[in-house]
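Each chain, written out:
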Amino acid sequence: MSQHNVGGDPVATVPRSAGRKSPRIVVDRVGKSFRRGAVAALQECSLEIQPSEVLCVIGPSGCGKTTLLRIIDGLIRADTGRVLADGEEITRPRRDLAMVFQHFGLFPWKTVSGNVAYGLRVQGRPDQEVRATVRHYLEMVGLQGFEGHYPYQLSGGMQQRVGLARAFAVDPSVLLMDEPFGSLDAQTREVMQGELLRLWRIQRKTLVFVTHSIDEAIILGDRVALMTHRPGRIKELIDVGIPRPRDPEAVRGSPRYATLRRYIWNELKPEVAGSGDAP
Amino acid sequence: MTGRLSPTAIRSLSVLIGLTAWEIYGRAIHTVIFAYPSQIGRAFAELTRTGELWFYLRGSLVVLALGLALAIAIGIPVGVVMARGATVEYALEPYINALYATPTVALIPLIVLWAGFQVKAKVILVFLFCVFPVLINTYQGVKHTDAKLLEVARSFCAGEWSMWRDLMVPSAAPYILAGIRLGIGRGLVGMIVAEFYTAITGLGYMIVQYANNFRTDRLFVPIVVLMILGVGLTSLLRRIERSVAPWLHVAQQE
Ligand SMILES: Nc1ncnc2c1ncn2[C@@H]1O[C@H](COP(=O)(O)OP(=O)(O)OP(=O)(O)O)[C@@H](O)[C@H]1O
Ligand SMILES: [Mg+2]
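Line order of the protein sequences matches chains V and F. Oh and the first sequence: position 28 is 27 in numbering that gives the first Met the number 0, straight run, nothing missing. Oh and the second sequence: position 9 is 8 in numbering that gives the first Met the number 0, straight run, nothing missing.
Keep in mind the hints are simulated off the structure, nothing from the lab. There may be inaccurate statements among the hints.
Calculated pairs, BS3-like style, for lysine-lysine (alpha carbon to alpha carbon, straight line, at most 25 Å) [unchecked claim]:
1. V:109 <-> F:147
2. V:109 <-> F:142
3. V:268 <-> V:234
Model the full structure from these sequences, guided by the hints.
Have a look at this one:
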């Protein structure tokens, strides 16, 4: 299990040093364990995230993906190692990073609008701006008409989209997305992927996108980070190398897609077997 | 007639039978110190007509409302602060435990010495009776705030005030309302105790006065009013509890 590159494999392309900007986020040999060391979630996990890139993270269930995002977001501190944002150590949550939670994390006593407005209200933005922004992102996730509903009145997929809109609404420069499309049906998922690609073209946010879907990782990512089974570290970083703008259907028909898909699955298989759980 | 009776029908029937038995027994033994329902009804109408009942009831309600309002205004913030900071929690804990465990009635002479016999003393008593359920329930409610949502709030860089307003108070609202409901029950006790043992006023005055005059029928009127107050306020609070947190009741609704 080599760290980083893939040697002579056809998948390993562009040497990643060429013309690179300084990284936006640096994860430096991060280790984290829970229950007083009984459960090691991350070990020697290192990763550099470039400005405006889409980095997809894929790995077996329970390998520490959520833990990694929580550490990057400043919600919990690493036991060892550190995380830097623009060279500055992250010790607590920052406004320029936002998280889309795997568990949605909606406030049950707030309406859809209230939930989407939450981050803006916390920042004390003026009412008018809040209303306009909320309307805009509700439209983006296709929830107009549900403004007054409460989360318990929505399906899982709809709740997930509220969580997405809430994170986008605060206009962070880095979005940490923890399986954001995991609860969506196949059609909605495709629509949301297209929407995310479109938004990315306009806003060029840095996206860290955790997913269980190899297909999704290839469609969306500039690079794909493969994680080992627990305790997780980055096993390998793969350049997707498919030019943008991408048309998901065309991408799926390309030979590059097929090669990547096979390659990633082969790399992932031993990890999944090692964790005794499917990705 | 094999159809089963609804719970409401059984309740009403039970009350009807009880009242009838009381009426029959009361008429049969025929003494001044025992009143039966129709007598009490008549006394009720009379005291309402003369305005006497409303006059005394108003005095009692003012005391109850002030004491309760004070208990809510102090109990909720103190409960939240205790749940938020371990230092505050440990610092206040001994006082709260001690005061809660002390029978409040035992403090009456002291309160009278310090606050006199009038409304101030009564309000303090009602306050002492109600504040602990409100405070302790608020504390429990805030402690039970979903850790995941706390993390969401932190992720969005919420300040302490927003944590209270957007997260902890709404999340604890069902607990707080249950605390207020318990507080009202205790507050009614506190109110009557205050009216017996400080300056004799309000519904407490009616009770004492009519007992001394052997007007048993009239004596029952303030008692019935207290009963109605207790049942009415408690069920009102229950109703609010249900409507304030509909997400807790989804399972029952479906
Ligand atoms: N707060 C915690 N307390 C104890 N153990 C934890 C805690 N958080 C995570 N773990 C453990 O750490 C490991 C990694 O958890 P994490 O949630 O990061 O995995 P994941 O990769 O996000 O999994 P999934 O794909 O299922 O979401 C798991 O074994 C998990 O049980
Ligand atoms: Mg996870």
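We went through each hint and held it up to the structure:
With a C-alpha separation of about 16 Å, the suggested pair residue 109 of chain V and residue 147 of chain F falls inside the 25 Å cut-off, and the hint holds. Distance check on the hinted pair: residue 109 of chain V and residue 142 of chain F sit about 20 Å apart at the alpha-carbon level, within 25 Å; holds. Proximity of residue 268 of chain V to residue 234 of chain V is assessed by CA-CA distance (about 12 Å); at most 25 Å being required, the pair is judged to hold.
When the structure is compared with the earlier hints, no violation turns up for any of them.
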